[in-house]
Amino acid sequence: MTSYLVRRVFGLIPLLIGITFVSFFVIQLAPGSPVDVATDLNPKASAEVRERLQKTFGLDQPLHVQYGQWLGRISRGDFGRSFAPHNRQVAEMIREALPITLLLNVMSLCLIMGIGIPIGVLSATRQYSVPDRITTVFVFIGFAMPGFWFALLCMLLFGVELGWLPISGLQSLDYDMLTLPQKILDRARHLILPVGIAGLTGLAGISRYMRSSMLEVVRQDYVTTARAKGLDERTVIYNHALRNALLPVITILGLSLPALIGGSVIFETIFAIPGMGRLFYDAVLSRDYPLVMGVLVISAVLTLLGNLLADVSYALADPRLRRR
Amino acid sequence: MKTLRTAFHNRLTVAGGVVVAILIVVAVAAPMLAPYDYAELDAARVLEAPSPAHILGTDGLGRDVLSRMIYGARVSLLVGFVSAGLASVIGVALGAVAGYFGGRVDTLIMRLVDVMLCFPTFFLILAVIAYLDSSIWNIMVVIGVTSWMGVCRLVRAEFLALKKRDFMVAAEGLGVRPLWIILRHGLPNAMAPVFVAFILGVAGAILTESSLSFLGIGVQPPDPSWGNMLTEGKATIEVAWWLSVFPGCAILLTVLGYNLLGEGLRDVLDPRLRNR
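These protein sequences, in sequence, are chains A and B.
Each residue of the first sequence is one higher than the one before, counting from 9 in my numbering.
Each residue of the second sequence is one higher than the one before, counting from 20 in my numbering.
Extracted from the complex, chain B is given alone in its bound form (with noise of 0.2 angstroms):
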C-alpha cells in the first residue's frame, strides 16, 4: 500500500513536471511550432469554430487562437519566472538578514511582513499600477514586490534554527564577516524551501498576471496573453465559446502542472512531512 502511495504522489509530481517541461519547450520555440503568425487578421475568418485549418477556431479579428495561446505561453513563463524570481531574491535577503541578525532588526522587517500581509495582494497590486503604465515589465515588478513575504519568513525560520549549529558558530568564532557567513555556510543550507515556495511562486504569479491582464490591466493587446484572450472571450461569450474555454485550460493546467510540481518537491526535499 505505502510503495502504491508513493507511487501515486511520485506519478504527480513527474506529471507536473512534464507539463512544466513542455510549457517551457512550447513557450522558446513559439515561432517555430505556431502554426500562423499571432498577430496576422484574417477579415474572412472572423469568430470561426474550431476546424482542421485553425484547429482551436479564430478570434474576433480573425487570428488563429492557438497560434496567440502558444505566444501567450511565453508571456505566462516570463511573468512567472520573473516575478517569482524577485519575490524570491528579496524574501531571501530580508529573511536572511531578520533570521541571523535578530535584535531590531528582525522586529523591523518581521513588522513589515506583517503590514504587507495586511494589504489585500490584488488591491496593492491595482493601486501601484494605477500610478505606473501596466506594461509586463511593471506587472512583473509589482508582482515581485508584493509576494516576498512567504519567501521571508520560510528563510528567518531556517536561519534562526541554522545560527544555533555547530558550523555556523565555528565560522563566527573564526571571525568570518556576517555577509560571508550568511552566503556561504547560511544559505546553500536553506535553499530547498526556497525552490519550492518559488515553483509555487511561479504559478501564483501566473494567476495573478492572468487575471490583471482579464481585467485590462495587465499585459495589453495585441500582445497575447491568456488573460486578455479571456477578456474577448466574456465579450462574445454566446457566439463563440472557444475563445473562452481553451486560454482558460491552458492557465489552469500551467497551474496546476507547476503545482504538482511544487508540492511534489517538498514532500521529497522535506522529510518531515513524508509520512503524512
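Chain A extracted, bound-state conformation (with noise of 0.2 angstroms):
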C-alpha cells in the first residue's frame, strides 16, 4: 500500500506542473500587458506604481523566466496582492473563503451518495419496473436541468411564496444575539436552499451511474453463485453486489469534483455566499488577476488531491490495484 501511495503522490508532480503552465499560459491571453490592465482600471496610477506592478510582474524578464519567478512565488503560497482597492493579499482571501466552498460541497456530496446511491440500487434490482421508469424521467430531467434556473424556482417558491427560507447569505442579521441553539439553527435554514439545489443537480449523474455499476455486477458470476448457494436475494444484493457496484462509484465522485466546485460559482452568486465561487465571480468582474489566477490554481490543485483521496480510498477498497 506504502509503494503504491508513494507511486501516486510522484505521478502528481507532473499534473501540478501541467496546471501551471495552463494558469500561466491563462495569464498571457491578457491583451496588452497585464501593467496596463492594471492601471487602466485606475487612471490615477502614477509611473512609480507602473514600475512597481512591472517588477511584481516581471515583465522585463523572458518568459520562461517569467514562468520560473512566478511557479517559485506561488510554491511559497504567495499568489500577490489583488487589484480590489483594500489591496489585500490574495491567498489570504482564499483562505478566508474556501472553508465555506469546502463545506457546501461536502454537505451536497453526502446528499448526492445519500440519495443516490439507493436510488441507483432500487433502479438496477428492479429494471424497467415502474419506480425505474419513474427515476430513469427524473434523471432525465435532472441532466437537462440549468442548475441556476432551479435554484430560481426554488427560491421563487420556498422564499418569495411560501416564504419558509432565507434566500441570501449565509447567515441572519441578528445572527451575533442568537443563542448557539438558535444559531445552529439559522445555520441550517440558510444552508437548506444551496446544499439541497447543488445536490439535488448532481444525483442524476450518480444515480444513473450507479445503476449501470449494480446491473454489470448482478450480471458477474459470483453473483450467479451467491444465489446458487442459496443465500437469499438481500444478501446477495447487499453484501456480494452492492459491495463491488460502489467501487468505480468512488471514482466518478472523484471524477464530479471539478463540476461541483465550478458549479460553486453559480450557486454562491446566487444565494449570495461568500465562498471561492462568488470571490471568483467577482474577480472575474472587476478583471482582478491576481485573484484570478489564485483561485484557478488553487481550484485545480484542489480537485487534483480530490482525485487522489478517490484513488487512494479505491486502492484501500480494492486489493487487487495495490498489488497491481
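The calculated label-pair distances, taken between Cβ atoms and stated as ranges, are: (1) A92/A / P197/B: 47 to 57 angstroms; (2) L293/A / P197/B: 38 to 48 angstroms; (3) F29/A / L179/B: 22 to 32 angstroms.
Here are the computed lysine to any residue pairs in the SDA-like style, where the Cα-Cα straight-line distance is at most 20 angstroms: (4) K253/B / G167/A; (5) K253/B / L161/A; (6) K253/B / L170/A; (7) K253/B / C162/A; (8) K253/B / L165/A; (9) K183/B / P212/B; (10) K253/B / G155/A; (11) K253/B / S176/A; (12) K183/B / G121/B; (13) K253/B / W172/A; (14) K253/B / T277/A; (15) K253/B / F166/A; (16) K253/B / G177/A; (17) K182/B / L193/B; (18) K253/B / L293/A; (19) K253/B / E169/A; (20) K182/B / I200/B; (21) K253/B / V168/A; (22) K183/B / G122/B; (23) K253/B / F158/A; (24) K182/B / R123/B; (25) K253/B / I175/A; (26) K183/B / R203/B; (27) K253/B / L164/A; (28) K182/B / L198/B.
What the hints contain is simulated information worked out from the structure, not anything from laboratory work.
Beta carbons are placed, not taken as given, at the ideal position from N, Cα and C, and that holds for glycine.
Build the complex from these two chains, which are given one at a time in their own frames, with help from the hints.
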C-alpha cells in the first residue's frame, strides 16, 4: 500500500506542473501587458505604480524566466495582492473563502451519495419496473436542468411564495444576538436551499452511474454463485453485489469534483454566499487578475487532491489495485 | 416485453429528434415565426402577464417574450453547434494522433487531458473570459477549447483498437502515409462515438452558455439569449413569474431533446450497450 501511495503522489508532480503551465498560459492571453490593464482600471496610477507592477510581474524578463519566478512565488503560497482598493493578499482572501465552499460541497456530496446510491440500487434491482421508469425520467430531467434555473424556481417557491426559507447569505442579520441552538438552526436554514439544490442537480449522474454499475455486477458469476448457494436475495444484493458495484462510484465521485466546485460559482452567486465561487465571480467581473489566477490554481490543485483521495480510497477498498 | 422496451426507448429517441428538428426550424425561420421584433420596445406594455396579444407576456422594457425566445433559439443553436464542433475537431485530432502514434506523443497528449480535467471547467472558462471580451464568438471558442477532453479519450481508445486491425496493418505495410491512414482508414471507423459525443456536447455547451449569460458574462443584452432573459427574470421574480419560467423551460426542453437523441443514438450505434 505504501509503495502504491508513493507512486501515486509522485505521479502528481507532472500534473501540478501542467496545471501551473495552463494557468500561466491563461495569464498570457491578456491583451497588452498586465500592467496596462491594471493601470487602465485606475487612470491615476503613477509611473511609480507602473514600475512596481512591472517589477511584481517581472515583465522585463523573458517568458520562461517569468514562468519560473511565478512558479517560485506560488510554491511559497504567494499569489500576489488583489487589485481591489483594499489591496489584500490573494492567499489570505482564498483562505477565508475556501472553508465555506468546502463545507457546502462536502454537504452536497453527502446528499448526493445518501440519495443517489439507494436510488441507483433500487433502479437496477427492479430494472424496467415503474419506480425505475420514474427515476429514469427524473434522471433525464436532472441532466437537462440548468442549476441556476432550478435555484431560481426554488427561491420563487420556498423563499418568495411560501416564505419558509431565507434566500441569501449564510446567516441572519441578528445572528450575533442568537443563543447557540438558535445559531445552529439559523445556519441550517440558510444552508438548506444552496446545499439541497447543488445536491439534487448532482444526483442524476451518480444514481445513473450506480444503476449501470449495479446492473453490470448482478450479471457476474459470483452473484450467480451466491444465488445458487441459496442465499436470500437481500444478502446477495447488499453483501455481494453492492460492495463491488460501489467501487467504480468512488472514482466517479472524484471525477465529479470539478463540476461541483465549478457549480459553486453559480450557487454562491445566486445565494450571495461568500465562498470561492463568489470570490472568483467578483474577481472576473472586476478583472482582478492576481485573484483570478490564485483561485484558478487553487481550485485545480484541490481537484487533483480530491482525485488522489478517490484513488487511494479505491485502493483501500479494492486489494487487486494495490498489488499491481 | 422486449419489443415494448425497445419501443419505449425508440419513442424517447424520436421525441428527442423531433425537439431538435423543431428547434432548428425555429432558429432558421425566426424572423418569419416571431410575432414581434425581438428588440421592439413598447413603453405602454411593460411587464404584462401572458395575454392573447403577447402569448408569453412582455419583459421590463415591453418587449415580447415569445419573440425574444424564438430569437434566443438562434443563439443556443449557434453556440451549441460551433462549441461542440470545435471541441470535436480538437478532440478527434489529438485523440487520433495519440492513439495511432502512441509512445511519447501519446503520453504528452494524455497528460494534457489529465491536466485540463483538473480545472473546474466553469472556472477555466470564466478565467479566460476575464481576459477577453464576452462576445458570443469568444464564448463559443472558450467553451470548445475547454471541452474536448472526452472526445479525445474516446477517439484515442478507438484508434488503439483499430491500429491492430488487419486493414490498418495492411495500409501501413503498403507504405501509406500515417496522416492518410488516420484520415482515410481510421477516422471513418471511429466516427460513431464521436457523433454521439458531439450531440451530447451540444447539450452541454447550451447549458454552459445559458449559465454564463445568466451570470452576465455571456451573450450581452439587447441580444436575446435564454440565459440573459433569466437574469431579468431573477430581478423581477416577485412581480413577473413568466420571465423566470418560460426561458428556463426552453433551456430544459432543448437540452433534454439533445440528450435523448444522443443517448438513443448511442444505443443504436453501439451494440455492446444494447442489452443493458
